[in-house]
Amino acid sequence: NGETEQKRFLWQGLRMLREETLGQSIVYLYEPGSYAPLARVDQAEGEAQKVYFFHTDQIGTPLELTNSEGEIVWQAIYRSWGSIEHLAVTEVEQNLRFPGQYFDSETTLHYNTFRYYDPECARFITQDPIGLMGGFNLYTYAPNSTGWLDPLGWCVNTNVTRGASGQPLRATATITKNDLKTGTATNQSSRAWARMMGNQDDDAGHIIGKLLGGSGGIDGVFPQLSKVNRGLFRDFEKQIAKDIFDNGPIDVELIFKYGAGGTRPTKVIYNIFRNGDIVDGKIFSN
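With the numbering used here applied, the sequence shown covers 25 to 310.
Read the hints as simulated data drawn from the structure, not as lab findings. We treat Cβ as the ideally placed atom computed from N, Cα and C, and that holds for glycine. Just so you know, not all the hints are guaranteed correct.
[To be verified] Using C-beta positions, here's what the derived DEER-type ranges look like:
hint, residue 1, residue 2, range
1, Thr290, Phe33, 12 to 22 Å
2, Gly47, Lys205, 50 to 60 Å
3, Tyr126, Gln224, 40 to 50 Å
4, Asn299, Thr185, 43 to 53 Å
5, Gly283, Leu46, 18 to 28 Å
6, Thr170, Val113, 22 to 32 Å
7, Gln224, Val303, 33 to 43 Å
8, Thr290, Gln48, 46 to 56 Å
9, Ile96, Leu256, 17 to 27 Å
10, Thr131, Thr290, 46 to 56 Å
11, Arg147, Gly272, 40 to 50 Å
12, Asp128, Lys281, 39 to 49 Å
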């Protein structure tokens with residue numbers, strides 16, 4: 025219609041905190057240390073504040089938005105790589121997409137902090153600004169969209185899906201040469217947590233190995249049989265590290281299998297991907 029609109033954004037580090045248009049603002053609240061939105065507070069000039077709550081999928085993509093009365097005011101059905109198949113409810117405008125992404129209505133692209141992402145072809149439209157550190161395919165988003173996320177448009181972050189008791193169900197990460205030997209050791213709290221979830225003689229095994237840059241805190245461990253943690257599992261991590269050093273970044277996926285109602289995994293499936301293709305994998309009993 026020929027009209028222009030100016031929209032301003034306020035950032036908290038590299039995470040969008042607030043957006044403003046003439047006479048209206050939206051403040052976003054997120055899960056701690058995450059790009060998964062929890063709620064937003066809308067303020068229109070001359071009106072009372074309105075609070076809306078996000079309902080997301082397992083990686084933090086908004087599926088629904090509800091008001092303070094519990095009524096759905098926005099609802100979307102997505103295709104596999106983030107484009108919207110159908111907007112079922114549109115009482116409120118909602119532009120957040122995959123974690124770290126914001127829908128640009130002028131281009132239909134998703135602003136992804138350092139790049140724009142095209143959900144129709146599941147690729148970024150420019151090369152990765154960190155070059156080959158993010159992988160050999162400079163335009164790829166992730167090996168799949170159900171467990172991996174890239175909120176900055178650089179490379180895939182570690183993502184852990186957990187069960188009701190906090191037990192890890194699935195973990196994914198991209199590991200580069202710069203990540204090697206940057207991990208942290210376990211501590212008293214993480215070892216106690218692992219033994220509470222498992223057996224008293226269990227190790228606090230790293231989900232992503234210390235050698236590969238993984239955390240040894242509570243968020244980065246699971247109850248693991250000590251002889252496996254210090255034996256076959258560690259040997260496999262050394263093999264992965266050598267492959268990364270020689271051949272470049274890889275994506276890893278760990279799937280944790282449990283007995284009925286258990287919080288100690290009985291099996292860990294460890295898959296290795298490069299450029300979207302599986303190149304190695306092992307199954308570890310626990």
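Comparing the hints with the structure gives:
1. Thr290 x Phe33: 12 to 22 Å: violated, 47 Å
2. Gly47 x Lys205: 50 to 60 Å: Since the Cβ atoms of Gly47 and Lys205 sit about 52 Å apart, the hinted range of 50 to 60 Å holds.
3. Tyr126 x Gln224: 40 to 50 Å: holds, 48 Å
4. Asn299 x Thr185: 43 to 53 Å: Given range 43 to 53 Å: violated, Cβ gap about 23 Å.
5. Gly283 x Leu46: 18 to 28 Å: violated, 58 Å
6. Thr170 x Val113: 22 to 32 Å: holds, 24 Å
7. Gln224 x Val303: 33 to 43 Å: Taking Cβ atoms as reference, Gln224 and Val303 lie about 37 Å apart, which means the hint holds.
8. Thr290 x Gln48: 46 to 56 Å: Since the Cβ atoms of Thr290 and Gln48 sit about 53 Å apart, the hinted range of 46 to 56 Å holds.
9. Ile96 x Leu256: 17 to 27 Å: violated, 49 Å
10. Thr131 x Thr290: 46 to 56 Å: holds, 48 Å
11. Arg147 x Gly272: 40 to 50 Å: violated, 19 Å
12. Asp128 x Lys281: 39 to 49 Å: holds, 41 Å
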